[in-house]
Amino acid sequence: MSEHATIGVFLILTLVFPIAAMIAAWLFRAKPEPSEEKLLPYECGVDTQGPSQMRFKINYFIYALVFLAFDVETIFLYPWAAKFQSLGLFAFVEMIIFIAILVVGLWYAWKEGALKWY
Amino acid sequence: MGYLLLAPEMLLTVLGIVVLALGLILPQRGKKVTGAVAMIGTLGILVVVFWQFGYEAEFFQGVYGIDAYSHFFRVLFLSAALIIFAMAGNYLHLFSERQSEWYSLMLFATLGMIIMASSGDLITLYVGMELMTISFYILSAYLLDDGRSAEAGLKYLILGALSSAVMLFGISLIYASSGSTVFAVVYQTLQAQVVTQPVLIAGIILLIAGFAFKIALVPFHMWAPDIYQGAPTPVTAYLAVGSKAAAFAALLRILVTALPAAHYNWTMLLAILAAVTIITGNLIALAQRNVKRLLAYSSIAQAGYILVGLAASNVYGFKGVLFYAMLYVFSNIGAFAVATLVETQSGSSDFDAFSGLAKRAPMLAAIMTICMLSLAGIPPMAGFAGKFYLFSGAIQSGYLWLAFIGLIMSMVSVYYYLNVSRLMYIGKSSEQSVPVPAMARVALLVCLVGTLIIGIYPQPLSQFAEIAIQVLY
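Protein chains in written order, with the working numbering: chain L, 236 to 353; chain V, 4 to 476.
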């Protein structure tokens with residue numbers, strides 16, 4: 236039963252916390268009239284120029300996909316490289332196979348023109 | 004044998020990559036060759052699997068295991084893929100130049116299914132499942148010019164991601180309460196605990212919910228009809244047969260080897276899910292006017308029948324699950340193969356396209372009728388033997404009411420299955436004949452013979468299933 240209680244208390248806390256935080260902020264903040272400067276997003280990079288509902292080139296998406304494959308590859312390569320001496324030949328062959336599979340993917344993307352910028 | 008036992012998985016990976024590469028090297032993107040390479044390769048891998056029968060091995064401290072159970076499902080997935088490759092033939096012209104990728108993705112989906120059925124670890128299982136589902140996201144959106152196909156792909160992507168999240172949450176809770184993701188270790192840790200933690204119960208329920216999405220059990224079935232109707236018909240066939248069987252294979256293995264019913268009794272949960280699924284699937288199927296959509300609802304109902312065996316939770320019921328999954332390959336793909344051929348010829352899968360099919364293509368109409376009768380569970384077709392195992396399993400473990408619901412709804416299902424036959428035999432006919440390529444003819448014959456032989460002489464398959472089940476205990 237006590238375990239149910241723990242989950243229950245946790246659930247109630249998660250519900251109450253954001254509401255409490257907003258109420259506290261509302262209580263303690265200064266309350267000036269909203270101005271144009273005030274209504275801008277807070278610390279969100281450069282201010283937007285022009286309409287924000289524009290279309291992005293689909294190329295970005297394909298580049299991101301290809302990047303992702305090799306980004307994840309790096310995650311595997313680093314620990315393998317750090318432990319290269321103790322892992323030995325078996326791990327070396329495995330890593331070559333892994334990279335070969337990814338290279339086929341890159342080859343496919345290249346042939347399909349994913350790396351061309353239109 | 005050692006690592007050689009993993010040869011089918013490795014060969015399948017290589018085959019998928021080779022088929023993809025052939026499309027890049029050859030002129031016309033290997034349109035002529037890739038199909039043959041994929042088919043011969045799959046057949047070769049199937050032979051390797053047969054040759055490995057009887058060998059067992061466990062890899063990486065139980066993370067992956069090859070046993071009779073894996074062999075059973077390897078045979079199931081590879082033969083399903085092979086039959087679909089054979090029957091797809093002419094339909095692939097709709098994909099114009101992108102045929103090598105289609106074969107490659109189908110092979111990778113098969114690989115994912117095989118990994119799901121053999122994994123002994125929750126994370127490996129999840130990786131296999133993602134390999135399967137991500138391939139299916141692309142495959143269901145493969146008809147680029149068809150809005151409905153794109154819709155199917157997007158819907159499957161969003162709901163598939165949601166179900167993956169649910170399942171991962173369940174996995175994380177099971178990991179939290181047992182300290183491991185390997186089935187055998189989870190089992191041992193849970194055996195040592197005196198009381199079942201509520202966290203674990205939540206984990207099991209979320210895990211079952213995640214699988215229920217993949218199997219399309221009723222509260223989680225909303226995606227199935229739209230996707231089955233929108234996706235290219237051969238893909239739908241594989242989605243209905245392969246993806247379901249893979250989810251059942253993995254669920255059965257987890258529930259038996261990691262979370263046995265003696266510890267936390269999930270049988271009632273599954274029994275209720277099965278009852279709701281059978282009733283809803285069959286009743287909604289009554290109102291359908293499109294054969295693909297009808298088969299989608301029928302496959303929801305069929306998943307309910309298979310779940311009855313899982314809920315029974317005894318050897319008889321489990322044997323029924325495997326038996327039914329195998330005969331479902333022949334009966335369901337047979338029905339989908341006919342639908343594919345008719346759709347290739349007429350461009351539609353509405354009831355009107357099937358009207359008077361018996362006069363235009365008597366063989367197709369006959370095979371469709373036999374497959375439908377098998378799905379309805381009429382002897383001497385295979386479906387009868389399968390339902391017999393499933394329902395007697397349920398009765399043995401005291402779920403008499405569940406068996407009754409199954410029986411009554413099977414009778415209801417006869418109406419809509421035979422409705423299609425009625426249309427084919429006494430509906431008005433146009434004069435166009437339906438061309439059947441040679442490979443599709445072979446696939447249809449395999450489905451027909453499989454459906455009839457398993458029904459008349461179920462002994463060998465039943466034994467095969469029983470051997471496969473024994474390793475889990």
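These are calculated hints, taken from the structure and not from any lab test. Keep in mind that this is a model prediction, so the values were computed, not measured. One or more hints might be untrue.
What the hints assert, rightly or not - Here are the simulated lysine-lysine pairs, DSS-like style, with alpha carbons at most 30 angstroms apart:
no.	chain 1	residue 1	chain 2	residue 2
1	L	292	L	351
2	L	346	L	292
3	L	351	V	35
4	L	351	V	34
5	L	346	V	34
6	V	362	V	431
7	V	158	L	292
8	L	346	V	35
As the list claims (entries may be wrong) - Sample of chain V residues with no beta-carbon within 12 angstroms of chain L, all distances over it, derived:
no.	residue
9	19
10	26
11	50
12	161
13	167
14	178
15	190
16	270
17	404
Positions of the beta carbon are idealized from the N, C-alpha and C atoms, including for glycine.
We went through each hint and held it up to the structure:
1. L/292 with L/351: With Cα atoms ~12 angstroms apart, residue 292 of chain L and residue 351 of chain L stay inside 30 angstroms; holds.
2. L/346 with L/292: Given that 30 angstroms is the threshold and the Cα spacing comes to 20 angstroms, the pair holds.
3. L/351 with V/35: holds, 28 angstroms
4. L/351 with V/34: holds, 25 angstroms
5. L/346 with V/34: holds, 16 angstroms
6. V/362 with V/431: Distance of about 9 angstroms is within 30 angstroms: holds.
7. V/158 with L/292: Roughly 23 angstroms separates the two Cα atoms, so the pair holds.
8. L/346 with V/35: holds, 19 angstroms
9. 19: violated, 10 angstroms
10. 26: Per Cβ check, residue 26 of chain V is inside 12 angstroms of chain L; nearest 9 angstroms; violated.
11. 50: holds, 24 angstroms
12. 161: About 17 angstroms separates residue 161 of chain V from the closest Cβ of chain L, which puts it past 12 angstroms; holds.
13. 167: Its Cβ never comes within 12 angstroms of chain L, the nearest being 17 angstroms, so this holds.
14. 178: holds, 17 angstroms
15. 190: holds, 21 angstroms
16. 270: Given that every Cβ of chain L is farther than 12 angstroms from that of residue 270 of chain V, nearest at about 23 angstroms, it holds.
17. 404: Answer for residue 404 of chain V: holds, closest chain L Cβ roughly 31 angstroms.
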